[in-house]
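The chain contents come next:
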Amino acid sequence: MGVYVIALKMLIGNRGKFYAMVFGVALTSLIITQQSSIFLGLMSRTVGFIFDTPQPDLWVMDPKVQFVDDVKPLQDTKLFQVRGVEGVEWAVPLYKGALRARLPNGTFQTCNVIGLDDATLVAGPPTMIDGSLADLRRADGVIVDEAGANGKLAKPGATPTSPRVPLRVGDVLELNDNRAVVVGIARATRTFQSQPVIYTTYSRAMRFAPRERKLLSFILAKVRSGYSSRDVALQINRQTGLAAYTAPQFKGLTIRYFMRNTGIPINFGMAVGLGFLVGVAIVGQTFFSFIVDNMRYLGILKAMGANNRLLFHMILLQTVLVGIVGSGLGMGIAALTSILAKNSELAFYLPWQVPVVTVLATSLITLITTVASLRKVFSLEPGIVFRG
Amino acid sequence: MSAAIQCRDVTKSYATGTTMTPALQGITLEIQPGELFMLVGPSGCGKTTLISVIAGILSQDGGMCRIFGEDLKSMSDEERTAFRLRNVGFVFQAYNLIPSLTAAENVSIPLLLAGHDRNEALIRANEVLRHVGLGAKLEAKPAELSGGQQQRVAIARALVHNPRLIVCDEPTSALDHTTGGEIMALFRREVLKGDRALVIVTHDSRIFHYADRIGVMDDGRVVRIAHSPDELELETSKD
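Listed in order, the protein sequences are those of chains P and V. To convert, take the position in the first sequence, counting from 1, and add 1431; that gives this note's numbering. To convert, take the position in the second sequence, counting from 1, and add 986; that gives this note's numbering.
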C-alpha cells in the first residue's frame, strides 16, 4: 500500500505537470459534457411541445409530416373520422402555427400559436405561473409563455434606456391584426427557435390565423382502456389514411429529422471529438513527459526490486487520479453551467448518461496515456541507474 | 567461509549496429563477505557493466557468476528482481533520491517494495537515518539537504532492508574531500557489518585506502588486484 503513496507523491510533487494533466482532463470532460448537453438541450427543444403535452396517447397527422413543426393541415372532417375509429376514447383538434404579433413599439415578433380544443383545453401549458387555463375562455384570451413574456414580447420601458417591462395578465397584444388579451402566464419548454409560445382556444386560433382552406394541424387522440396504442394507430391509418404516432414515436420522428437534415449532430460531434483529441494530446503528452522526467527514478525502483506489474499499478494509479480529479472538475463546471443556464436562452440538458459518457471518454484517455507510457517503462533498462 | 561474489570467466558484449563490442572479457573474481572491494580503472573499461552483472541488473553472456551461492543467470527476470529486492542495496553517484519525498520516505522505499506496512517502514527508516547521523533531517526533502547529507540518505536507503551486498557507483565523486572521507568512514562503520559485502566503483583515488582490496580493470579485464593504494602505486610504477 505504502508504495502507492510514493506513486501519488511522485505525481503530485511534480506540481506543474500534475496541474497541466488535470487541466487537460478537466478541459476535455468540460467540452464533452457541455457540448453533449447543449446538443441534447437543442434536441429536447425540438420535441419540447410533445413533451409538454402528455394527455393524448396518439398524435394524428398527415403522413407526410416529418417533424413537429412541419405542419401539413388536415381537413376538419378528419377529426370526425378519427373519432369513429374503434378504440379511440376521445379525439380533439389542435392548431399549431406561426403568427406575427405586433409589439407596442411597432415591430413584429413571430410567435408559436397553439390552438387548444375549446371544450377540453387539452394540450395546454404544463405549468401556470399567473392566471388559469380556464381563463382562455374569456374573450380574446391568450396565455403567453414566461420566456416570451419576459423577453421577446416584453413592452418597451418608459424611456429608451429603461428596462423592458414583462408582459402581464391584462396586457393586450395584436396577433395578425386581431386583438388578444393576456389572461395567463405559463411555463413551457422553450422551442428550438426560441420563439414566444401563445396558447389560445382552437376557434380563436382559427380567427387569428390567415384564411386557408385547411387549418387543422394535428388531432390528439386518447386510446380507450383495453386497446393498445399501436393497434389503434394502425387502425387510424387504415381507416383515415393519416399517420398516428405515440409521443415517443413522434419525438423520435422529429429528432431523426433534425439529425438527418441539419448540421447540428456533425457540428456538436466535431466539437466533442475535438475535445477528446485535445484531451488525448494534452494529457498524453504531459504524462509521457512526466514519465520521461521520472525515468531515472523508475529505473531506481526497478533496480531496487520493483517488477513491471508493480510499476504498471503505480502508473495506472497516477493516471486514474488525474482522470478522477480532472473529470470531476470538468463535469463540476458543466453541472454549474447547467444550474446557471436554467431558464435561460442556453439549451442545456444534462441527463445522467452524459457524465457516464464523459467518464468513459476520460477513462479511455487515461488508458491510452497509461499504455503509451508503459511501453517506455517496461523497456526501461535498470542499468540506467549507473549512467551519470 | 564461502565467497559473497564468485565470478569465473564472465563475458559480456553489447551490440553496436551489426558488430558486438566486448565489455567484459573473462572476468574471474572473488569477493568475501565483510570485504570492501573497490573497482577502479579508466572510463569504458567495464566497471559499470561488472557491477551491473554482480548486482543482478544485467546477465552475463558467458561464464559463471554466483552471488551468495546463487547463480543469477539461471533465474527468470522476476526471480532476479526479487533477488535484488532481498539481497542488494544501491548507492549512486548522483544520489538519485526522489525529489518529492522526504528523507525518511526515500529510505523506506526498499521496505515498501518488499511489502512492508508504511508506518513500520517509516519507523525503520527513521532508525537507520539516525544511525547515519541524520536524525534531525527525517522530514527534509532532498533539495533541503547538502550533497553529503543526500549521500547519507542514499546509504541509509541501501541499508534499510539489511541486504547482504551493497554496490556503489562513484559514491564520493560529487563530494568534497572531508565529506567524502566521512561517507567512507560511514561505509566502514555501518555498511560492513556482519557478512555484508561492499563493492565500490570509483575514480576517486583519495578513498582507495578505505578498501580491503582494489581491483584494477582495463579493457574488460581485471588486470591486477592490490591490497592497498601503496601496492597499487608500486605496481603502477613497475609497469
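Be careful, since some hints might not be right.
In silico DSBU-like links for lysine-lysine, alpha-carbon gap of 30 Å or less [to be verified]:
hint: 1; chain 1: P; residue 1: 1440; chain 2: P; residue 2: 1527
hint: 2; chain 1: P; residue 1: 1807; chain 2: V; residue 2: 1127
hint: 3; chain 1: P; residue 1: 1440; chain 2: V; residue 2: 1179
hint: 4; chain 1: P; residue 1: 1440; chain 2: P; residue 2: 1807
hint: 5; chain 1: P; residue 1: 1440; chain 2: V; residue 2: 1059
Here are some chain P residues the structure puts well away from chain V; computed CB gaps all over 10 Å [unchecked claim]:
hint: 6; residue: 1441
hint: 7; residue: 1444
hint: 8; residue: 1445
hint: 9; residue: 1559
hint: 10; residue: 1566
hint: 11; residue: 1712
hint: 12; residue: 1783
hint: 13; residue: 1807
Don't read these hints as lab results, they were simulated from the structure. Quick reminder that beta carbons are idealized off the backbone N, C-alpha and C, glycines included.
So which of the earlier hints does this model not fit? Violated hints: 1, 3, 5, 6, 7, 8; rest satisfied.
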